[in-house]
Amino acid sequence: MAVARLVAAPFPVAASRARGLQPAASGSRAAPRLALAAPLSLWVRAAARRAVPARVGVAADDEAIVGGEAADDGEGDAEAEAARLAVAERAARKQSERRTYLVAAVMSSLGITSMAAAAVYYRFAWQMEGGEIPVTEMVGTFALSVGAAVGMEFWARWAHRALWHASLWDMHESHHRPRDGPFELNDVFAIINAVPAMSLLAYGFFNRGLVPGLCFGAGLGITLFGMAYMFVHDGLVHRRFPVGPIENVPYFRRVAAAHQIHHMDKFQGVPYGLFLGPKELKEVGGTEELEKEIKKRIKRKGTLDAIQ
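Under the UniProt record's numbering, the residue at position 28 of the sequence shown is numbered 28, and the numbers go up by one with no gaps.
Mixed in with the good hints, there may be bad ones.
Said to hold, decoys possible - Quick list of the computed label-pair ranges, beta carbon to beta carbon:
| no. | residue 1 | residue 2 | range |
| --- | --- | --- | --- |
| 1 | A143 | R179 | 22 to 32 Å |
| 2 | E89 | G285 | 37 to 47 Å |
| 3 | P196 | I307 | 38 to 48 Å |
| 4 | P242 | D180 | 17 to 27 Å |
| 5 | A162 | I191 | 38 to 48 Å |
| 6 | A194 | F154 | 15 to 25 Å |
| 7 | V150 | A83 | 17 to 27 Å |
| 8 | G285 | L85 | 42 to 52 Å |
These are computed hints drawn from the structure, not numbers from a lab.
Each residue gets a CB set at the ideal place from its N, CA and C atoms; glycine is no exception.
Use the sequences and the hints to build the structure in full.
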């Protein structure tokens, strides 16, 4: 009887016949209510049973999402910490490289400057020992000093274009790549240029006469150009060591921006010179780009000053 009741529960009419009951007459209102009430209640219970797993599934999904977000946050924090450590390590390495190059630059600058100053002093003191001042020789020495310093700008421009970016590119390329360490292969050119300067100074120092005086002046001019080139190019442009107030001189700022455009290769490498770089850019229509680069450098300097 119980089995028959369970099997026939969804079908109340069949269940009533199984119990020996007859369905109510069509005019009766009780039978239809009995026939509709049971399926509706069963449908509500079934819907409730189906809703519980759905809610459980949603809760499980929410927990999984929250757990995933927590894991993502943990991974993000780890990545941020690793990035911060990498930046700090790179900054410390760059600072060490700058100190190393600064020591080398200061030692070489002091050595060359002191030698040149002593050579100039003793040479002119030696010339005046006889009582007669060699005016022609002295004027020639100073004239060649200025002429050699100016001429080195044009020599550097030609050599930069015709040699360093051509047959000597294997050496000069190190200057156009990110530097790994305090020095680069391109630094050899500074030593190469120092050899004729020292030779001319030595010949002019140990000999008397107009020609030795001219040679002495030429060697002195090359030396002065090399010192200025190192401070502006290596210090101001490429920040291999601090240059102090030189960075605030408007024309040197233009020189630095012009050389930065050379490294961008926007005008087929122009400018190849250094101190007359803004003039080279003007000749090829690069004045507007130069002004943009100057503004970028000023903004970058302001940001760095604010951080420090």
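Each hint, compared with the structure:
A beta carbon spacing of about 39 Å between A143 and R179 contradicts the range 22 to 32 Å that was offered as a hint. At about 43 Å, the beta-carbon gap between E89 and G285 stays in the expected band of 37 to 47 Å. Distance hint for P196 and I307: a CB-CB separation of about 43 Å, consistent with the stated range 38 to 48 Å. Taken as a hint, the range 17 to 27 Å holds for the pair P242 and D180, whose Cβ atoms sit roughly 21 Å apart.
Checking the proposed 38 to 48 Å range against A162 and I191 shows it is violated: the Cβ atoms sit about 20 Å from each other. Taking 15 to 25 Å as the suggested C-beta distance range, the pair A194 and F154 conforms, at roughly 19 Å. Judged by the Cβ atoms, the range 17 to 27 Å given for V150 and A83 is violated: they are separated by roughly 48 Å. At about 46 Å, the CB distance of G285 to L85 agrees with the hint of 42 to 52 Å.
This entry does not satisfy hints 1, 5 and 7, going by the numbered hints stated previously.
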